[in-house]
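Undergrad: Spelled out from the first residue to the last, the chains are:
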Amino acid sequence: MATGGASRRGIGPALPLLAPAYLWLTVAIFLPLSAMAFFSFMTELPMSGKDWSFTLENYAAFFSGALYPTLLWASLRLGLEVTFWCLLIGFPAAYVLAKVLKGRVREAIFLLVILPFWSNGLVRIFSWAMVLREGGILDTALNAVLPFKVNIDLMYSYPAVIIGLVHSYVPYVVLTCYLTLQAIDDSLIEAARSLGASRLQTLRRLILPLAMPGLIAGGVLIFVPVVGSFMEPRILGGRTGTFYGTVIEDQFVAVFNWPLGAALSFILLAVVLVILAVAAPVLRRAQ
Amino acid sequence: MADVRVEKVTRSFGAHKALDEVSIVFPDGGFYALLGPSGSGKTTLLRMIAGFDYPDSGSIVIDGDSVERVPVDKRRIGMVFQNYALFPNMSVADNVAFGLSVRGEAKATIAVEVQRALDLVQLGKLGERRPHQLSGGQRQRVALARAIVTRPRVLLLDEPLSALDKALRVDMQVELKRIQREIGITTIFVTHDQEEALTMSDRIGILRDGRLVQEGSPEEIYDSPASEFAATFLGDANILPGTAEGNGLRLADGTLVAARSTVLPAQGRAASCAVRPERIAILPAAVAMLDGKENSLAGCVAKRIFAGSVSTYFVDCAGQTVKVLVQNAGQPRLGEGDDVVLRWSPESTVLFAS
Ligand SMILES: Nc1ncnc2c1ncn2[C@@H]1O[C@H](COP(=O)(O)OP(=O)(O)OP(=O)(O)O)[C@@H](O)[C@H]1O
Ligand SMILES: [Mg+2]
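Chains as they are written, first to last, in the numbering used here: chain V, 1 to 287; chain R, 288 to 641.
Wrong hints could be hidden among the right ones.
[To be verified] Over the 10 Å line for every Cβ pair with chain R, so calculated as not near, a few chain V residues:
hint : residue
1    : Y59
2    : Y68
3    : E81
4    : L87
5    : V131
6    : D153
7    : L188
8    : Q201
9    : L210
[Claimed, not checked] In silico lysine-lysine, BS3-like type, Cα no more than 25 Å apart, as pairs:
hint : chain 1 : residue 1 : chain 2 : residue 2
10   : R       : K394      : R       : K361
11   : R       : K304      : V       : K102
12   : V       : K99       : R       : K295
13   : R       : K453      : R       : K464
14   : R       : K361      : R       : K295
Simulated from the structure, these hints should not be mistaken for lab results.
None of the values given here were measured: they were computed from a predicted structure.
No residue lacks a Cβ here, since even glycine has one placed at the ideal position from N, Cα and C.
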């Protein structure tokens with residue numbers, strides 16, 4: 001029904017409004033992406049001056065050993081774990097922001113939450129390095145308050161990667177959940193409570209279902225980039241920080257095997273799209 | 288079912304006292320209307336009784352249990368909200384079932400109870416619909432069914448009809464009253480519509496600035512307002528100022544108005560009396576005969592508004608305008624500028640200190 005009006009008048013009137021966005025998308029995403037797709041089927045880069053020809057070798061390389069699938073699996077797991085922690089941390093924060101705090105305090109906390117957005121990613125990661133390493137801020141602080149000696153060296157470990165990524169991406173969940181929670185009328189929550197529902201029952205049966213679109217949007221927003229992330233794993237993970245994303249990065253900046261890097265990227269894209277497509281019906285039902 | 292006793296409940300927001308030592312007994316099975324101008328504390332009091340907010344001091348007793356520190360989900364109350372507050376993610380039946388299901392009732396019991404409640408509000412066939420597929424009146428009925436299906440001890444309604452248009456509102460008033468009688472539940476109803484309060488309730492409490500200024504049956508409050516505020520807030524009233532004298536009032540022009548003998552203000556003090564417009568008879572000056580027992584004032588018709596079955600006259604007398612409501616029963620009509628005499632009985636005159 002909603003499309004009825006548009007189809008009667010045709011898309012014509014909307015064209016001037018749509019054109020800039022689509023032009024931009026074409027230039028900024030479609031063109032580079034097609035170039036990459038093109039590269040992924042080549043033996044050498046045309047710019048290198050060497051002879052080149054079309055090949056499927058680069059895609060075959062992914063399946064030639066256990067290395068790439070294992071790394072992809074590790075990255076997918078990383079994506080799930082980071083998404084899980086972000087939702088777990090971000091949702092309560094969004095709830096407090098949307099439903100508990102008021103006025104000035106809310107604005108101040110909100111600012112703190114989105115601050116990571118405004119700071120440079122590298123600065124953020126290196127400051128975590130200062131906190132997490134042995135003799136770093138966390139180690140020193142804990143030893144200062146605890147009566148016994150503890151040795152905290154989280155640097156170059158899987159938890160360090162998780163911590164760095166969760167910190168970078170949790171604002172997405174806070175924002176998307178804040179928006180959906182804000183839209184829930186307080187009287188709905190009061191109605192549930194007046195009907196005898198405890199706080200927990202109200203959360204489970206009313207607030208979570210109503211906030212589901214925000215949780216899902218936040219989850220997808222996080223999962224996709226985390227699976228391909230390379231900066232946090234490289235800097236905070238060190239030797240343990242080899243993931244699918246870091247291998248792709250290597251192909252581009254260290255090995256200069258762009259065709260392989262491009263092919264690996266497209267495999268990642270395909271896998272993520274398949275996962276989202278499979279999850280879509282489930283997620284839609286959850287909404 | 289249960290009675291509700293509110294004793295000396297005070298609640299302040301900052302320096303502002305939204306409720307100031309309010310004490311009310313809401314009788315078991317009664318329909319009690321809380322009436323008052325905007326900001327008088329009606330919602331605040333209702334939310335205290337519901338348990339959404341706690342009093343600074345004072346006690347709230349439901350069915351003999353002190354509940355002022357009991358959280359809302361343990362109070363066994365039913366509440367209907369002004370904006371209905373139906374859960375958008377659930378069907379009508381699931382909305383109604385919510386209270387029973389969080390309590391852990393068996394599925395079969397829930398289905399039976401839900402159907403009974405929906406039948407009671409005459410929505411038996413709409414259980415599968417979503418709230419957004421209902422009209423305003425139907426949503427209100429669902430909200431009511433949802434609130435009563437758990438058999439709460441008290442039903443609390445905060446201006447439940449104010450979002451409905453006039454015709455639907457009258458229908459819902461009748462419906463609400465029927466349902467309340469049928470299940471005999473103690474009901475507390477907040478409104479600032481005086482007509483709604485008069486027609487629906489057995490008792491009315493008038494709040495003003497966080498204080499209870501008067502309470503009683505609709506007739507008591509209408510016939511014997513305790514203050515100028517109560518007289519003008521509930522219904523229409525002519526207020527005549529003067530000084531207290533005997534058991535009446537001496538107006539500025541020297542006329543003595545006799546009043547009903549109630550608690551009298553101190554002699555010689557400034558006072559005023561209230562007379563309802565429909566209690567005053569209006570007669571042409573030429574035919575008016577003096578009757579020592581009745582109050583009378585001479586005046587001149589300033590304006591007449593014809594409204595079919597009734598006419599309203601505005602009469603200039605004793606230095607002010609007096610409103611008179613007359614049934615159009617075939618008596619000769621008076622025109623603007625006619626000299627008239629107004630006459631009403633002392634029984635219809637309520638005196639209070641001002
Ligand atoms: N949460 C709050 N914080 C601060 N002041 C409040 C709060 N709730 C109510 N008040 C104040 O308390 C007073 C009473 O408010 P209340 O909502 O009870 O009025 P009401 O009688 O229901 O009015 P209305 O007819 O407009 O709904 C008002 O002056 C209001 O501003
Ligand atoms: Mg109110």
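Undergrad: Of all the hints numbered above, which does this structure not satisfy? Sort the numbers upward.
TA: 7, 8, 9 and 12
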